[in-house]
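A.B. asks: Each chain is listed here by its residues.
Protein chains: 2
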Amino acid sequence: MASGTEEGSSMKIGIIGAGNMGGCLGKLWSQAGHQIMFSFTQDPKALEEAAVSAGGRTGTVIDAAQFGDVVLVAVPWAAIDIALKDVASVLAGKVVISCNNPLKPDLSGLLLGTETSGAEEVARLLPAARVVEVLFPFAHQLRSGELRFDGQQPSQFYCGDDVQAKRAVATLIGELGLDPVDAGPLTSARFLEPFGMLMVQLAYRQGFGVNIGTQLLRR
Amino acid sequence: MASGTEEGSSMKIGIIGAGNMGGCLGKLWSQAGHQIMFSFTQDPKALEEAAVSAGGRTGTVIDAAQFGDVVLVAVPWAAIDIALKDVASVLAGKVVISCNNPLKPDLSGLLLGTETSGAEEVARLLPAARVVEVLFPFAHQLRSGELRFDGQQPSQFYCGDDVQAKRAVATLIGELGLDPVDAGPLTSARFLEPFGMLMVQLAYRQGFGVNIGTQLLRR
Chain A
1 MASGTEEGSS MKIGIIGAGN MGGCLGKLWS QAGHQIMFSF TQDPKALEEA
51 AVSAGGRTGT VIDAAQFGDV VLVAVPWAAI DIALKDVASV LAGKVVISCN
101 NPLKPDLSGL LLGTETSGAE EVARLLPAAR VVEVLFPFAH QLRSGELRFD
151 GQQPSQFYCG DDVQAKRAVA TLIGELGLDP VDAGPLTSAR FLEPFGMLMV
201 QLAYRQGFGV NIGTQLLRR
Chain B
1 MASGTEEGSS MKIGIIGAGN MGGCLGKLWS QAGHQIMFSF TQDPKALEEA
51 AVSAGGRTGT VIDAAQFGDV VLVAVPWAAI DIALKDVASV LAGKVVISCN
101 NPLKPDLSGL LLGTETSGAE EVARLLPAAR VVEVLFPFAH QLRSGELRFD
151 GQQPSQFYCG DDVQAKRAVA TLIGELGLDP VDAGPLTSAR FLEPFGMLMV
201 QLAYRQGFGV NIGTQLLRR
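Protein chains in written order, with my numbering: chain A, 1 to 219; chain B, 1 to 219.
Relax, there's no trap hidden among the hints.
Cβ-to-Cβ under 10 Å is the rule here; a few derived chain B residues that face chain A:
#, residue
1, S155
2, F157
3, R190
4, R219
These aren't lab readings, by the way, just hints derived from the structure by calculation.
Note that this is a predicted model, so its numbers are computed, not measured.
Backbone N, C-alpha and C fix where the C-beta goes; we use that ideal spot for every residue, glycine too.
Let the sequences and hints guide you as you build the complete structure.
C.D. replies: Shown next as structure tokens:
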């Protein structure tokens, strides 16, 4: 693991996909003291805005992949192949946070079933990277900075196969104010992605709106 | 809807599958004032014990299906065809609570993907029943009667296509002390089942144990 992913230290974070999700996370992690490079958006203006807002820089996908000790991939599922086509070798050995639920465009379900998952597909595209899946709260919440609910701390599941990579990611999750919960190996994405889909269903079809979260209760 | 499924009234509840799950739920609903009939277990002694413990009665699967205003189906997935083979016509129009996550026997995943779900398979086997999926907390918790966590109330997702059936089931969930959350149509089982699988993963493979629950946070 690069020294930059040690707990508590400042990390360089490359972001592939500077949309709602990547933009918000980059800003929050910037405020936590990390250096951010944004890349890959359909709207170059959005890229610049994200960088200005976060005090970060911009670059190509390859630049961001090279820059980051940790690289967040948060792109629309339809763009995943294009987003990652040139960076498999650059990302070899790096911590990659996969925040890509393979939702159908109409949000009616998932494109991939429980025999595989979006995260596993990402790992296939990046065979030497250390992929950790984290499906973060709705961008609206990340944007508002209000991640707690009346003082209650939402849980944030993550999964992956590399212990050190997961430790680094857990730190990043904690820095958002969320409670990191290790959901096991990367194949757990087969369960985390439908769970993410459930949140989508509740928010957009069941009338709860995007101000929802979940807390793992323990005793 | 039969008058017996009106909110607040005493219901007749038939239980197909008097194992950990069915036994515990039968007892709790009996304590809430409902009449219970247990059926279908590999161990006839367990069937009698469940009935004695709950103050309920026992019968064949057909008896339980006829008896219930509401029928809970909670059997190992491998037994689902056998359990339901003779009751499709009896259950026509009845509220059926499907509590069957199609887990692989080694708990490593789900047997069915997001193109379908256990609940939809149940609905196919019972084409005229009003199926609602509810994947309840671990039987251990139901058994202990301790469903709250330091005063916090777990959420209980459910899904189905029949509004009245869902209303009745929501009442039954509330009577357990859980907060019922409508997760949408029966196809949402494609998301609830992996979510249930996630809880299984956390409990048995990630070291959390079965004393876990989830709460939907809202604002």
